[in-house]
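Student: The working numbering applies: residue 2 is where the sequence shown begins, and numbers increase by one.
Quick caveat, the hints were computed from the structure, so don't treat them as lab data.
There's no promise every hint is true.
Computed Cβ-Cβ distance ranges for the label pairs, DEER-style [said to hold, decoys possible]:
1. 194 / 228: 32 to 38 Å
2. 117 / 220: 30 to 36 Å
3. 72 / 39: 21 to 27 Å
4. 209 / 42: 51 to 57 Å
5. 173 / 228: 25 to 31 Å
6. 209 / 72: 46 to 52 Å
Yeah, the Cβ is synthetic: ideal placement off N, Cα and C, and Gly gets one too.
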Amino acid sequence: LCSNILSLAMRGLDETPAELWELQDLQKLNLSMNCLCSLPPALGSLDNLVILNLLGNNLSSLPPEIGLLKKLRVLLANNQISSLPSSLAAMHHLTKLNLSHNRIVHIPTCVYSMKGLVFLHLACNRLETIADQIQDLVNLKILIVEGNSIHTLPKTLCFLDSLELLNVDFNELQNVPDEMYQLSRLRRLACHPLDKGLHIIHNPLLKPIHEVLQGGLSALYNYLKPT
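All chains, please: the whole structure from these sequences, using the hints.
Tutor: Spelled out as structure tokens, the structure:
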């Protein structure tokens with residue numbers, strides 16, 4: 002076992018052992034599938050952490066001190082979170098953020114400051130909108146927001162020309178922005194959850210978009226492009 006990797010997954014923990022916060026060389030910490038309701042401020046002392054896995058706990062919030070983890074690249078937290086501490090805006094090295102299966106109504110403002118994000122997973126929350134600031138995440142390749150209550154997509158989403166996978170299935174979308182044809186790296190209309198491309202057909206799309214999509218992504222883009 003590598004000394005800078007620690008897994009305490011599936012231990013039935015309802016609180017973290019105090020000794021944990023003395024392991025300041027830790028780079029990978031797995032606390033998934035426990036019964037944790039909170040994390041102490043001491044989390045901020047693990048300033049060499051690169052990966053933090055909090056999946057499958059009962060956390061309703063994260064301590065502001067998490068913003069001290071300047072080297073963090075991966076944060077996984079499917080819990081009962083409704084907001085994030087603003088200190089997370091300082092996480093410029095974060096490349097993967099999984100906040101699916103939480104209680105988030107609005108994408109926290111700090112997320113739009115995470116300029117290094119390549120992967121953002123917000124499925125199965127309570128989102129109704131995506132803010133125009135989504136365009137700030139210029140390195141984003143994968144955006145998953147399926148299973149929310151999103152009614153419209155901002156046209157600024159279409160400026161993310163690195164996107165290879167956009168999953169907006171199972172929302173309340175009736176239409177798409179005219180600028181969507183600019184997302185040239187999506188390549189195709191995707192069906193399997195792991196496929197790259199655009200996942201959109203499971204929405205109450207109106208005519209003519211619904212019919213146009215039967216011809217695939219190229220048909221949609223041809224329809225949307227200005228003549």
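Student: Among the hints numbered above, which are violated by the structure, and what are their numbers in rising order?
Tutor: Of the numbered hints given earlier, the structure breaks none, since each of them holds.
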